[in-house]
Amino acid sequence: EPEVTQTPSHQVTQMGQEVILRCVPISNHLYFYWYRQILGQKVEFLVSFYNNEISEKSEIFDDQFSVERPDGSNFTLKIRSTKLEDSAMYFCASSEFSEAFFGQGTRLTVV
Amino acid sequence: GIQVEQSPPDLILQEGANSTLRCNFSDSVNNLQWFHQNPWGQLINLFYIPSGTKQNGRLSATTVATERYSLLYISSSQTTDSGVYFCAHTTSGSARQLTFGSGTQLTVLP
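One line per chain: the protein sequences are Y and C, in this order.
Each residue of the first sequence is one higher than the one before, counting from 924 in our numbering.
Each residue of the second sequence is one higher than the one before, counting from 851 in our numbering.
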């Protein structure tokens, strides 16, 4: 069964460093998303991407975040200068129409 | 925005018991989904159920869109059912991003 895959599964980074989280969405899907979940809290929307551009973004998605689809299969989230409060589980998701499917997540720890 | 209330917030069951989890919405919602977040943090799709009833093994879900709620039924619970159950919906219009509820933490004891 097709699935969304994310790498790495865990990443530890120093405060102020840049990180890139990677995702391979399901191949025939057209809509891509990033969500995050701070430990013990609910899942929050960050950004959606369609037709090679951002279609929606939340107020969490400020200038330190960016997304890219560098080739036909990968979808990346970059955090330019990480802060302690960026520590969270980051989920990539994709959808063909309405139902979204999530990857297994990348647990980011900023120290 | 639309308020999503999930109940109960916590639930402890003995293995083999049945349970019902509920999502209430303050307004009409689209594209309702139920997820199970397992102890490793993975979000597992359970149901895409904007309306009606669906069943998948021991799990079933019902959404009554006109009355703004959805129910998830778990029958004959197993310890592997433990985790957090989230409902999520998209808002109206062209927006496709999901808004998640706060979840129900389910613990199934052996």
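It should be emphasised that the hints constitute simulated quantities derived from the structure, not laboratory data.
Model, not experiment: these values are computed from the prediction.
Every residue gets a Cβ at the ideal spot worked out from N, C-alpha and C, and that includes glycine.
Worth double-checking, as some hints may not be accurate.
[Claimed, not checked] From the derived model, a few chain C residues whose C-beta atoms are all more than 12 angstroms from chain Y:
#1 V854
#2 N868
#3 I899
#4 L909
#5 D931
#6 R946
#7 T949
#8 P960
[Said to hold, decoys possible] In silico EDC-like cross-links for lysine to aspartate or glutamate, where the CA-CA straight-line distance does not exceed 20 angstroms:
#9 Y:K1001 <-> Y:D986
#10 Y:K965 <-> C:D860
#11 Y:K1001 <-> Y:E1022
#12 Y:K965 <-> C:D931
#13 Y:K980 <-> Y:E1008
#14 Y:K980 <-> Y:E926
#15 C:K904 <-> Y:E967
#16 Y:K965 <-> Y:E982
#17 Y:K965 <-> C:E855
#18 Y:K980 <-> Y:E1019
#19 Y:K980 <-> Y:E967
#20 Y:K965 <-> Y:E1019
[To be verified] Here are the computed distance ranges between Cβ atoms for each label pair:
#21 Y:E976 <-> C:D860: 39 to 45 angstroms
#22 Y:T936 <-> C:G851: 45 to 51 angstroms
#23 C:S925 <-> Y:Q937: 44 to 50 angstroms
#24 C:D860 <-> Y:V1034: 16 to 22 angstroms
#25 C:S952 <-> Y:V1034: 24 to 30 angstroms
#26 C:P859 <-> Y:E941: 35 to 41 angstroms
#27 C:G907 <-> Y:L1007: 37 to 43 angstroms
#28 C:E855 <-> Y:N974: 32 to 38 angstroms
#29 Y:S996 <-> C:Q864: 29 to 35 angstroms
Hint check:
Under the 12 angstroms C-beta cut-off, the non-interface status given to C:V854 relative to chain Y is violated; the minimum distance is some 9 angstroms. Consistency note on C:N868: stated as away from chain Y, and its beta-carbon is indeed over 12 angstroms from all of that chain's, at 25 angstroms minimum. Listed as a non-interface residue, C:I899 fails to keep its Cβ farther than 12 angstroms from every Cβ of chain Y; the least gap is roughly 10 angstroms. At roughly 16 angstroms from the closest C-beta of chain Y, the C-beta of C:L909 stays outside 12 angstroms, upholding its exclusion from the interface.
Consistency note on C:D931: stated as away from chain Y, and its beta-carbon is indeed over 12 angstroms from all of that chain's, at 19 angstroms minimum. At the 12 angstroms boundary, the C-beta of C:R946 falls inside the reach of chain Y, the nearest C-beta of that chain being 6 angstroms off. A cut-off of 12 angstroms between C-beta atoms contradicts the statement that C:T949 is not in contact with chain Y; the least separation is 7 angstroms. With a cut of 12 angstroms on Cβ distances, C:P960 stays outside the contact zone with chain Y, its closest approach being about 25 angstroms.
Distance hint between Y:K1001 and Y:D986 is fulfilled; the C-alpha atoms sit about 10 angstroms from each other, no more than 20 angstroms. For the hint linking Y:K965 to C:D860, the alpha-carbon distance of about 14 angstroms falls within 20 angstroms, and the restraint holds. The suggested pairing of Y:K1001 with Y:E1022 is violated, with an alpha-carbon distance near 25 angstroms, which exceeds 20 angstroms. For the hint linking Y:K965 to C:D931, the alpha-carbon distance of about 19 angstroms falls within 20 angstroms, and the restraint holds.
A hinted pair counts as satisfied when its Cα atoms are at most 20 angstroms apart, and Y:K980 with Y:E1008 qualifies at roughly 19 angstroms. For a cut-off of 20 angstroms, the pair hint linking Y:K980 to Y:E926 is broken: about 24 angstroms separates their Cα positions. Taking the CA atoms of C:K904 and Y:E967, the gap is near 26 angstroms; set against the 20 angstroms cutoff, the hint is violated. For the hint pairing Y:K965 with Y:E982, the CA-to-CA distance comes to about 16 angstroms; that is within 20 angstroms, so the pair holds.
Taking the CA atoms of Y:K965 and C:E855, the gap is near 12 angstroms; set against the 20 angstroms cutoff, the hint holds. Under the criterion of a C-alpha separation no larger than 20 angstroms, the hint pairing Y:K980 with Y:E1019 is consistent with the structure, at around 19 angstroms. For the given pair, Y:K980 sits about 11 angstroms from Y:E967 by alpha-carbon distance, which is consistent with the 20 angstroms threshold. Using a Cα cut-off of 20 angstroms, the hinted pair Y:K965 and Y:E1019 is violated, with the two alpha carbons roughly 24 angstroms apart.
One distance hint, 39 to 45 angstroms for the beta-carbon pair Y:E976 and C:D860, holds here, with the actual separation near 41 angstroms. Taking 45 to 51 angstroms as the suggested C-beta distance range, the pair Y:T936 and C:G851 does not conform, at roughly 32 angstroms. Under the hint 44 to 50 angstroms, the C-beta atoms of C:S925 and Y:Q937, about 48 angstroms apart, fit the expected range. Evaluation of the 16 to 22 angstroms hint for C:D860 and Y:V1034 yields a failure: the beta carbon distance comes to about 31 angstroms.
Distance hint check for C:S952 and Y:V1034: the Cβ-Cβ separation is about 28 angstroms, which falls inside the suggested range of 24 to 30 angstroms. Take C:P859 and Y:E941: their Cβ atoms lie about 37 angstroms apart, and the range 35 to 41 angstroms holds. As the Cβ distance of C:G907 to Y:L1007 is approximately 42 angstroms, the hint placing it in 37 to 43 angstroms holds. Roughly 35 angstroms separates the CB atoms of C:E855 and Y:N974, a value that falls within the hinted 32 to 38 angstroms.
Here the CB-CB span from Y:S996 to C:Q864 is close to 46 angstroms, at odds with the stated 29 to 35 angstroms.
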